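Using the sequences provided together with the hints, build the complete structure.
Going line by line, the protein sequences match chains A and B.
Start counting the first sequence at 141; every next residue gets the next number (my numbering).
Start counting the second sequence at 141; every next residue gets the next number (my numbering).
These are calculated hints, taken from the structure and not from any lab test.
Take the hints with a grain of salt, since some may be wrong.
Identical chains blur together in the list; that is why a pair holds if it fits in one copy or across any two.
List of simulated lysine-lysine pairs, BS3-like, C-alpha gap at most 30 Å [stated by the list, open to error]:
1) K637 x K707
2) K174 x K525
3) K266 x K637
4) K671 x K308
Only a predicted model underlies this, so the values are computations on that prediction, with no experimental measurement involved.
There are 2 protein chains.
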Amino acid sequence: MRFSQLLIPTLKEDPAEAEIISHKLLLRAGFIRKLTSGTYTYLPLGLAAIKKVEQIVREEMNRAGAQEILMPMVQPASLWEESGRWDVYGKELLRFTDRNGRNSCLGPTHEEVITDLVRMNVQSYKELPLNLYQIQTKYRDEARPRFGLMRGREFIMKDAYSFDATDKEAEQSYHKMNQAYHRIFERCGLRFRAVEADSGAIGGSFSHEFMVLADTGEDTIVTCKNCQYAANMEKATCVPASKSKDEPQELTKIETPGKRKVKVVCEFLDIEPRQLVKTLIYIVNDKPVAVLLRGDHEVEEVKLANILGVSDEDLRMADDKEVYDATGTPTGYLGPIGLEIQVVADTEVATMVNFAVGANDKNYHVVNCNMGRDFTPTMTGDVRKVTDNDRCILCGGDLVLTKGIEVGHIFKLGTKYSASMNATFLDAKSQEQPFIMGCYGIGVSRIVAAAIEQNFDKDGMIFPIPIAPVQVLILNLGLKDTEITEAANTIYADLLKKGIEVILDDRDERPGVKFKDADLIGIPFRVTVGKNFNKDGSIEIRTRANGDVTTTTFADSVAEITTMVEKGLNQ
Amino acid sequence: MRFSQLLIPTLKEDPAEAEIISHKLLLRAGFIRKLTSGTYTYLPLGLAAIKKVEQIVREEMNRAGAQEILMPMVQPASLWEESGRWDVYGKELLRFTDRNGRNSCLGPTHEEVITDLVRMNVQSYKELPLNLYQIQTKYRDEARPRFGLMRGREFIMKDAYSFDATDKEAEQSYHKMNQAYHRIFERCGLRFRAVEADSGAIGGSFSHEFMVLADTGEDTIVTCKNCQYAANMEKATCVPASKSKDEPQELTKIETPGKRKVKVVCEFLDIEPRQLVKTLIYIVNDKPVAVLLRGDHEVEEVKLANILGVSDEDLRMADDKEVYDATGTPTGYLGPIGLEIQVVADTEVATMVNFAVGANDKNYHVVNCNMGRDFTPTMTGDVRKVTDNDRCILCGGDLVLTKGIEVGHIFKLGTKYSASMNATFLDAKSQEQPFIMGCYGIGVSRIVAAAIEQNFDKDGMIFPIPIAPVQVLILNLGLKDTEITEAANTIYADLLKKGIEVILDDRDERPGVKFKDADLIGIPFRVTVGKNFNKDGSIEIRTRANGDVTTTTFADSVAEITTMVEKGLNQ
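Below, the structure is given as structure tokens:
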């Protein structure tokens, strides 16, 4: 392909609409263009990168025995009513009525459609296991689409669904997908971690997320320095502190005028935040719930929702008025003693002795409070975020917090959909049984964004070789010089013959512009044919990732480039 | 791939929902399943055939210098308002409002989006020509979706759009696409014709349709026996008859009690239908228009709409009451004499002398009517369908009418969209000029259906080799026989190694079931390893298209099959 004929509208400045690096670079490098908030056109280079990812995903899914199909994007409401999700799925589900008055939606995911397909077409355990996948544009009507390809309304997903006869076989299917996912992200050339994850609203028994590691990631991953333990923050647990051996002291009320924040109260009382228990009020499905937490800890709302048996969308922090209405005390002086609403204590609180709490009286706190003696919570459980002071639940090793971008998620669904939609098969004894299901997603377009978040510098993108739009970019720096042009054209043609993917920058532009664009679009190998070629016949091959420069001759150039590309692809 | 592990839910009976052969066979062979009216899931074999077509399309589009991109499926109303199509496009355009109240639609075509993209990103004539295409699922909310993949609501299209600086260059772009389309349908292994077509509602200056020839086609193609002339019925013209030399006779009113139909009136008057002119009343945008036509001819409504300067959706035949309200005469006795509404005479009528017409008086006709003397139409023009009695407009040769299925359509759009949407570039003199556009569609999923309509027999589909889901199907007819199974498995593995696409039917089914399914799914080459292999070591290769059987040995089988496949692919 010749740069002069390609639509690669690079920009000199960061576009105002972009906040994160991948979004800025995808726009600047002419990979995508916005149509509306959260929807983008993939231009030739952007689509080429996506096709690379798709192909890797397809090969590994096929290798794992999954079969590619393609389901409609518009889905009938009736199936979502069967599964029970029509009413509970939020506004992300774009609902509409077609010309014949049928309620429909744009598919954000396809559990209902695939369950319907399989219940209509698979009768016997002999036809199992079955794993069906598709690569398709999905639609989620996000309230605030942002971050370019990271959280758009339209995005390309690979979604797979497995159907098994027994729980054991379903776990084998899950395991196969887990392995396939590892191969996929390895082949994409990404640094990633598979972490235990919460199953969330999609339901099911267990799940793993695949996280591309990047400082700019929105998610926090908890890993152990010592063992293989890895979980996302919503799911991560740690060794609880052992129960303090201190003797309980006498409860004492102390005037703390105007001291409301943890830090201020602790300074005033001359204690550490770890010696204080804070009382937070949540509104859970319109009812107030108090949450007790060590002063230096934070609530993990997904854990809190799980312990309360609700969705994390059903709870939120109360505002000052709601706090006062629920407790009769202004924010800042709340405590568990005498509180008449539901009280959830974090596990850690149960290990503390002689801690400070609010006195439920404006301008007062109490010290030497003890759970069991001074108050009894409605329930106790792990509702906090793990910190890097915590220890691994598996081996006691140090935990580390890292940032990541979720690019894949696998779920063991069990019978959530097959039971509600009455999708059954006949087992060996001719008994009807619900299929045991799993579902497995990969954000194909998001992988491209995540790869950029993980690999960039001040000059532009640095694509991993396997998912770069093309592998080589040749700069012809002497468009009016016959020798240079002939050499560049010959290398271009010879590389194409060898099956190397290559763009020839034959634009009538200054060398500075060509170098800048080359760095920006991040093609792994840049080949320069310029003044030096006239001088001493030398051609320069630069590796984008590390800036290494190899000087070669015209005669050796094609072999040299081919070797570098092949080595890079097989890393 | 092993048949036992693939989702190929073949059916023994024709499904009640299917009317045409491709729809029946696609369902029976387990290629597709219906989700809702007009939307289908492509199962593994169906998707495999579609991917074959996609790949041929992609290769030929790239070869023609077009660049692949991908635009969003959801489009903002604002762009359609700019082009003026928001109000005029029918209910096929599925309109909805997103959660933020923005009017949107599901893309049935992408002229607006691409014009917007190009006006934002292309400034200079130096960046032209530009041809951008995508392969994507489109949505048209058809009133009565039917015929399976032939006229669905969701379907896979390749749509391309060219942008040029001058009319001459635009015609070169059009010509390139015309050539690419010929290569695409040839490579798909289809018998087809490119025909002149009406530009219709999409607008523009000229267009061609690509028709797969099939007796079951909905469209009629007019071709010349003698020269290259080919047009669809909506566009086809012919040599008009020469003016009759007969002397005009005296107009005579004749009582024709109860004689209303052309055939009955002609018998009663003892004349041929070619000696009578019928008067038909159309309602065009709520107003009545009379159309005069030779008795044995039929109205071509697209031609009529064009001559009246309206869309063919704006006109329809009047019912009996409307006829009476407009003319004061009951249907059956209408004639042009004294008629006070707009009258359109077909060109052929102008060549006739002494013809019969209705008298505008119940139970009466008149004979020896002559145009010019007895009445003057508002306008005269070609508004009829060509027949196989007509002669070629180019060479005077005999015309032939054939049935076809439209699978591609190319349009020279001109500035229809660039002018209304103010999409301009700077020409060599730095003057703003609107882009000259073309658009080029291929119905990817429809090609698969059309290929079946063209190639089937009573037993099932007969896929052209280049677009068959796979090339070879091996039947293991001795699943419990170690020797047979080993031979089948070895051939299977060796063919895969050679890059031949192959399915091994390893199901625990009777030979009869396997033979029946093999015929049904129409894989080009069927390899049978059964009893004869035990008897004399022979293996049978059957070509689905002609039923030819080649007997070979185990040792020669792989080489033999490979040769047959390669020969078939290169035909």
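Verification of the hints:
In this homomeric assembly, K637 and K707 come within 30 Å of each other (Cα to Cα) both inside a single copy, at 18 Å, and across copies, at 25 Å. For the identical chains of this complex, K174 and K525 are neighbours neither inside a copy (36 Å) nor across copies (47 Å), given an alpha-carbon limit of 30 Å. When the C-alpha separation of K266 and K637 is checked against a cutoff of 30 Å, the pair qualifies only between copies, where the shortest distance is 29 Å, while the shortest distance within a copy is 48 Å. Taking the shortest Cα distances, K671 and K308 never come within 30 Å of each other, neither inside one copy (66 Å) nor across copies (39 Å).
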